[in-house]
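Protein chains in written order, with the numbering used here: chain V, 237 to 708; chain P, 94 to 197; chain U, 311 to 774.
In short, the hints are calculated from the structure, not lab data.
What you are looking at is a predicted structure, and each value in this text was computed from that prediction instead of being measured.
The beta carbon of each residue, even a glycine, is placed where N, CA and C say it ideally should be.
Watch out, some of these pointers could steer you wrong.
Which chain V residues face chain P? A few, computed with CB under 7 Å, are given here [to be verified]:
(1) Val259
(2) Gly261
(3) Glu263
(4) Pro264
(5) Asn265
(6) Phe313
(7) Val366
(8) Ala369
(9) Ser370
(10) Ala371
Listed below are the simulated SDA-like cross-link pairs for lysine to any residue, each with C-alpha atoms no more than 25 Å apart in a straight line [to be verified]:
(11) U:Lys539 <-> V:Arg512
(12) V:Lys441 <-> U:Ser662
(13) V:Lys310 <-> V:Met491
(14) V:Lys360 <-> P:Pro189
(15) V:Lys360 <-> P:Ala187
(16) V:Lys575 <-> V:Arg598
(17) V:Lys310 <-> U:Leu640
(18) V:Lys360 <-> P:Ser122
(19) V:Lys360 <-> P:Met170
(20) U:Lys393 <-> P:Ile184
(21) U:Lys381 <-> P:Trp178
(22) U:Lys539 <-> V:Lys537
(23) V:Lys310 <-> P:Ile184
(24) V:Lys310 <-> P:His111
(25) V:Lys537 <-> V:Lys575
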Amino acid sequence: MIGVEIHVRLKSEYKLFCSDRAVFGGEPNTHICPVCIGLPGALPVLNPEVVDLALRTALAFGCTIHFESVWARKSYFYPDLPKGYQITQFEHPLATKGSVTFSGSKGDTSVKIRRVHIEEDAGKLLHDRVPRASAIDLNRAGTALVEIVTDPDLRTAADVRLFLGELKQTLEYVGASNCNMEEGDLRVDANVSVRRFGSPGLGNKTEIKNVNSFSGVERALSLEIARQTATLEAGSVVGRQTLLWDDHREELRKMRSKEESHDYRYFPEPDLSPVRVTQEQVTTVLESLPELPRVRCSRFKKVYELKDYDAEVLTQSAANADYFEELVGIHIDPQVAAKWVIGPLQALMNQRRENAQTVPVRPAQIAALIGLIERGVVSESAAKSVLVILAQEGGSPSDIIEARGLIQERDIGQLTSWVTGVLSKHSEEVARYRGGESKILGYLIGQVMHSSGGAADPRLARDLLIEQLSNE
Amino acid sequence: MSISAEDVQRIGELARLHLEDDELECLTSDLNAILRHVDSLQDLGSTKQPEDSSQIGSKLTPVSHEHVEGPDKLHEMPADFAPEWQEGFFIVPAPPGVYPSGDQ
Amino acid sequence: MSLQDEVLSSSEVLDFKGSALRSLDDIKELESGREGLNAFLAVAEPEDMEPCGQGPLEGVMVALKDNICTKRLPTTCGSRMLKGYRSPYEATAVQRLRQAGALIAGKTNLDEFGMGSSTENSAFGPTLNPVDRSLVPGGSSGGSAAAVAAGYVRMALGSDTGGSVRQPAAFCGVVGIKPTYGRISRYGLIAFASSLDQIGTIGATVLEASLLLEVVSGHDTRDSTSAEKPVPRYRDAAVKGIEGMVVGIPTEYFPEQLDPPVRALLDEACERLVAAGAEVRPVSLPHTEFAIPCYYVLATAEASSNLARYDGVRFGARLPAEGLDRMYELTRGNFGAEVKRRIMLGTYVLSSGCYDAYYGTAQRTRASIAHDFTAAFNEVDVLFTPTSPTPAFPLGERVLDPVAMYLSDVFTVTANLAGIPGLSVPIGTVGGLPLGGQLLGPWWGESHIIAAAGALEASYREDT
Numbered sequence: 237m238i239g240v241e242i243h244v245r246l247k248s249e250y251k252l253f254c255s256d257r258a259v260f261g262g263e264p265n266t267h268i269c270p271v272c273i274g275l276p277g278a279l280p281v282l283n284p285e286v287v288d289l290a291l292r293t294a295l296a297f298g299c300t301i302h303f304e305s306v307w308a309r310k311s312y313f314y315p316d317l318p319k320g321y322q323i324t325q326f327e328h329p330l331a332t333k334g335s336v337t338f339s340g341s342k343g344d345t346s347v348k349i350r351r352v353h354i355e356e357d358a359g360k361l362l363h364d365r366v367p368r369a370s371a372i373d374l375n376r377a378g379t380a381l382v383e384i385v386t387d388p389d390l391r392t393a394a395d396v397r398l399f400l401g402e403l404k405q406t407l408e409y410v411g412a413s414n415c416n417m418e419e420g421d422l423r424v425d426a427n428v429s430v431r432r433f434g435s436p437g438l439g440n441k442t443e444i445k446n447v448n449s450f451s452g453v454e455r456a457l458s459l460e461i462a463r464q465t466a467t468l469e470a471g472s473v474v475g476r477q478t479l480l481w482d483d484h485r486e487e488l489r490k491m492r493s494k495e496e497s498h499d500y501r502y503f504p505e506p507d508l509s510p511v512r513v514t515q516e517q518v519t520t521v522l523e524s525l526p527e528l529p530r531v532r533c534s535r536f537k538k539v540y541e542l543k544d545y546d547a548e549v550l551t552q553s554a555a556n557a558d559y560f561e562e563l564v565g566i567h568i569d570p571q572v573a574a575k576w577v578i579g580p581l582q583a584l585m586n587q588r589r590e591n592a593q594t595v596p597v598r599p600a601q602i603a604a605l606i607g608l609i610e611r612g613v614v615s616e617s618a619a620k621s622v623l624v625i626l627a628q629e630g631g632s633p634s635d636i637i638e639a640r641g642l643i644q645e646r647d648i649g650q651l652t653s654w655v656t657g658v659l660s661k662h663s664e665e666v667a668r669y670r671g672g673e674s675k676i677l678g679y680l681i682g683q684v685m686h687s688s689g690g691a692a693d694p695r696l697a698r699d700l701l702i703e704q705l706s707n708e
Numbered sequence: 094m095s096i097s098a099e100d101v102q103r104i105g106e107l108a109r110l111h112l113e114d115d116e117l118e119c120l121t122s123d124l125n126a127i128l129r130h131v132d133s134l135q136d137l138g139s140t141k142q143p144e145d146s147s148q149i150g151s152k153l154t155p156v157s158h159e160h161v162e163g164p165d166k167l168h169e170m171p172a173d174f175a176p177e178w179q180e181g182f183f184i185v186p187a188p189p190g191v192y193p194s195g196d197q
Numbered sequence: 311m312s313l314q315d316e317v318l319s320s321s322e323v324l325d326f327k328g329s330a331l332r333s334l335d336d337i338k339e340l341e342s343g344r345e346g347l348n349a350f351l352a353v354a355e356p357e358d359m360e361p362c363g364q365g366p367l368e369g370v371m372v373a374l375k376d377n378i379c380t381k382r383l384p385t386t387c388g389s390r391m392l393k394g395y396r397s398p399y400e401a402t403a404v405q406r407l408r409q410a411g412a413l414i415a416g417k418t419n420l421d422e423f424g425m426g427s428s429t430e431n432s433a434f435g436p437t438l439n440p441v442d443r444s445l446v447p448g449g450s451s452g453g454s455a456a457a458v459a460a461g462y463v464r465m466a467l468g469s470d471t472g473g474s475v476r477q478p479a480a481f482c483g484v485v486g487i488k489p490t491y492g493r494i495s496r497y498g499l500i501a502f503a504s505s506l507d508q509i510g511t512i513g514a515t516v517l518e519a520s521l522l523l524e525v526v527s528g529h530d531t532r533d534s535t536s537a538e539k540p541v542p543r544y545r546d547a548a549v550k551g552i553e554g555m556v557v558g559i560p561t562e563y564f565p566e567q568l569d570p571p572v573r574a575l576l577d578e579a580c581e582r583l584v585a586a587g588a589e590v591r592p593v594s595l596p597h598t599e600f601a602i603p604c605y606y607v608l609a610t611a612e613a614s615s616n617l618a619r620y621d622g623v624r625f626g627a628r629l630p631a632e633g634l635d636r637m638y639e640l641t642r643g644n645f646g647a648e649v650k651r652r653i654m655l656g657t658y659v660l661s662s663g664c665y666d667a668y669y670g671t672a673q674r675t676r677a678s679i680a681h682d683f684t685a686a687f688n689e690v691d692v693l694f695t696p697t698s699p700t701p702a703f704p705l706g707e708r709v710l711d712p713v714a715m716y717l718s719d720v721f722t723v724t725a726n727l728a729g730i731p732g733l734s735v736p737i738g739t740v741g742g743l744p745l746g747g748q749l750l751g752p753w754w755g756e757s758h759i760i761a762a763a764g765a766l767e768a769s770y771r772e773d774t
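Chain V with its partners taken away, still in its complex shape (with noise of 0.2 Å):
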């Protein structure tokens, strides 16, 4: 029995509780304030901002928002935390009882979330800077996160792969956080309980923290459970604990005892009014919230007739999703814009480390470009090349291929003469196509674009090859 915890950076401008940019990267400590470091006599004062990303991901998830939720204390000692206690919510937090489904290993899989509520994250603390010693950097002291626990229902270490993907993609999806996994946009710690089949009693349960990807999630778990089934079938009983997972090492170790037991002496926060949310925001959110990724995936694949793997992979991110029903807005056939999203606009955005809301090629541009292609005035592979061009310096397709002298060359006349000239060259080849190896074809076909400067139209250049490879 599995159940995760995952704190989220939410995308907001400003931290938590004070007017600091939040910002990942940056030099060490330059977006500090008195607030989010703690120095004497400073106050925390909420940003509404956060409150309606909060808001975004509770519903996402379903769940059932709390008019009033309170801030609370959460004391321990540590250098990354700033004043000794982390602002939090505890007894009322902002929302409860949503739920997730997401597909796995065993088909459609509902996972229930317990809660979801707003905290302020720490600062960091680096141990290679400085010999002997660390050093802290309080950039992120301060920054808004949102903590989402869901109930154990997970029950094996894929399908918690799985379930974390879906929850990353729903949180990019209505745009609460960017879930940038190297920014450390998402941390996740799980619980994890092994029990007999059929036994009733609820085992031990151990806590696997510091995890920052999803496959390390599922090879500590993988090796967690296997410990604790190692455990139980050797007649022993699993203990409780926490333990870290190190990436490095691939393997779990035993958190020390004194750092485990924390006595948070959680009590409600003075300094700061609770959190109030009207029924009139809640309604304003719902309402604002994008169609959700599975819902999407299957809206595509029923009413664009597409292929699982196409529907899945367009649905990945939103802002693809978007761009392919602009295209196919602008009256072009959903096969081919899928075609085209998946392949040649993927590769360039790749290339430029761009996404489908940066990327500077618009449906408009590539609606034109297939359409050029479609009226054989440019060639497909001649269009990819467009493509790159447009990303480069914008333009209109048709301009650039005038431009550069990419118009397809359909004369009959010169695209024979082309022929002509490379059947001459190639008599051995020539041969080994009459000789049946009709694959060979597809060597000529390049031969002409070559000859041509890559103007030849190539269906046309085929046909003609074919016509004349056979007249003699």
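Given the structure of chain V, go ahead and fit chains P and U onto it with the hints provided.
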């Protein structure tokens, strides 16, 4: 309720206060004296609950966020008040049980 | 004339501009000599005084309790933990003072982190009471009260968590006001107990304390507990008169144990209120007896949390050590005995297993105490009580007996628990020592208590 010297020792650890033996003794007796006094609260039993027993403090809705640039922003200043500062970082002795490389 | 009489009869009351009785040099000289009271921990240099505007306090020197952040002068909170600490930002209240043209004369002594009722818990030595130097000036704002009583300044800011402005004002024979919770921004006030703390004003007269209150009050977006209520002209309330005002006398604040001379002065003050046009009525605040234990659970709980940031990591003192926990412990050894005691108590009452019995119960008690006042203020406009059971006590008498020390707050903690405004005004002397009478008002009822205090003050002044 009364507390033992062991309790006091444990609380001292929670609060990161080091207590010498004589301090421990003094504190234990002081705290017990105070707690005896505080126990009178239990006599209150069940009081009639007033309508709004939530936090004191003005009932404010979240205030519109004023992004205050200016004198409160810290840029070069931490070096002025940090007890130990190197290359842009606050420096502390390493916490116990930390690996030599990588973050916690 | 005694010092107190001198202060009460001062004809400079209405003339604020250039009203500094002493120059900075005089203050430094007096403080460093045999006559020194140790009221100031730091005295400004002329260039530190830096007003940045013009307004009702133009040219007026004001002293600040040393738990209020200033940028040029250090802010030590009377603690080795913050010795020499210079805050990189200043408190909103200080900003408002300077915008009103005030000159910051210096930072005054206090019980460490505001914890204490005598200013004997300062790491930098006690402050002496200017009326009688063998006595405490009260606490924790003892330095500010002494500075005003000694005539170094006519106005000072203090802070009040359980009576720390009103009680020293009473002990030194000056006026002290703790406003409604949320009246003055706490941004830059170094926190002791967040839901109880308020900056308070101390003045040589009701008018001065009220004017100072008016200048520093008002909403601040940097303090989520500050109220968006407009600030009335409190200075006008001082001379408004109290015709028809109903004054409640809560029986629980006049126990048998009050000394006869103290009781006599309190009775006389009541008579003077009636003579000024008020009506006096008995009322009851039944949960008063639980106020001290309630206060000490809640205040120490919040304090234990607010003081967790003093760990030697980012600012303040650090005692180097091998290993992090050792560094924490050694550094936090800089706290004095009273602070340690309160951190320990606060940590205990919040700890697992204790929370419901102590903190939970205290929260409920607090609500009951607040409700007592709400009910009373349905019948009366203000309440009149003693500020403290006795006048100033000798140095050293109570500092080793924490419970005895805590009990001296018995009449003042309720106002902090309920969030209501309270004011202490001199009502005569007992054996030559000043005694204070306390006025309590409903939320946002500062004008009423100022009016009542002003009437009393005028009544005493007419005698002379």
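Each hint, compared with the structure:
With a cut of 7 Å, the hint placing Val259 (chain V) at the interface with chain P is violated, because the nearest CB-to-CB distance is about 14 Å. Contact between Gly261 (chain V) and chain P, as hinted, is not supported at the beta carbon level, the nearest pair being about 13 Å apart and thus beyond 7 Å. Against a cut-off of 7 Å between C-beta atoms, the interface hint on Glu263 (chain V) holds, since the closest Cβ of chain P lies about 6 Å away. At about 4 Å, the closest approach between the beta carbon of Pro264 (chain V) and any beta carbon in chain P falls short of 7 Å, and the interface hint on this residue holds.
Restraint check, Asn265 (chain V) versus chain P: the minimum CB separation of about 6 Å is within 7 Å; hint holds. Annotation: interface hint on Phe313 (chain V) holds; nearest CB of chain P at approximately 5 Å, less than 7 Å. Nearest Cβ of chain P to the Cβ of Val366 (chain V): about 6 Å, under the 7 Å cut. The hint holds. With a least beta-carbon distance of about 5 Å to chain P, the hint placing Ala369 (chain V) at the interface is held under the 7 Å criterion.
Because the beta carbon of Ser370 (chain V) sits about 5 Å from the nearest beta carbon in chain P, less than 7 Å, this interface hint is met. Because the closest C-beta pair between Ala371 (chain V) and chain P is about 4 Å apart, less than 7 Å, the hint holds. Note on Lys539 (chain U) and Arg512 (chain V): the hinted pairing holds, with a Cα-Cα distance of about 20 Å set against a maximum of 25 Å. The straight-line distance between the Cα atoms of Lys441 (chain V) and Ser662 (chain U) is roughly 21 Å, inside the 25 Å bound, and the hint therefore holds.
In summary, the hint linking Lys310 (chain V) to Met491 (chain V) is supported, as the alpha carbons are separated by about 20 Å, within the 25 Å threshold. Using a Cα cut-off of 25 Å, the hinted pair Lys360 (chain V) and Pro189 (chain P) holds, with the two alpha carbons roughly 16 Å apart. Note on Lys360 (chain V) and Ala187 (chain P): the hinted pairing holds, with a Cα-Cα distance of about 13 Å set against a maximum of 25 Å. This hinted pair checks out: Lys575 (chain V) and Arg598 (chain V) have alpha carbons roughly 16 Å apart, not beyond 25 Å.
With a C-alpha separation of about 23 Å, the suggested pairing of Lys310 (chain V) with Leu640 (chain U) holds against the 25 Å cut-off. Distance restraint check for Lys360 (chain V) and Ser122 (chain P): the Cα-Cα separation of roughly 41 Å exceeds the 25 Å cut-off, and the hinted pair is therefore not satisfied. A hinted pair counts as satisfied when its Cα atoms are at most 25 Å apart, and Lys360 (chain V) with Met170 (chain P) qualifies at roughly 19 Å. Between Lys393 (chain U) and Ile184 (chain P), the direct Cα distance comes to roughly 20 Å. Compliance with the 25 Å bound is thereby established for this hinted pair.
Pair hint Lys381 (chain U) plus Trp178 (chain P) holds up; C-alpha atoms about 21 Å apart against a cutoff of 25 Å. Annotation: proposed proximity of Lys539 (chain U) to Lys537 (chain V) is violated, straight-line Cα distance about 58 Å (limit 25 Å). Distance hint between Lys310 (chain V) and Ile184 (chain P) is fulfilled; the C-alpha atoms sit about 24 Å from each other, no more than 25 Å. Using a Cα cut-off of 25 Å, the hinted pair Lys310 (chain V) and His111 (chain P) holds, with the two alpha carbons roughly 22 Å apart.
A distance of roughly 14 Å separates the Cα atoms of Lys537 (chain V) and Lys575 (chain V); the hinted pair therefore holds under the 25 Å criterion.
The earlier numbered hints that this structure contradicts are 1, 2, 18, 22.
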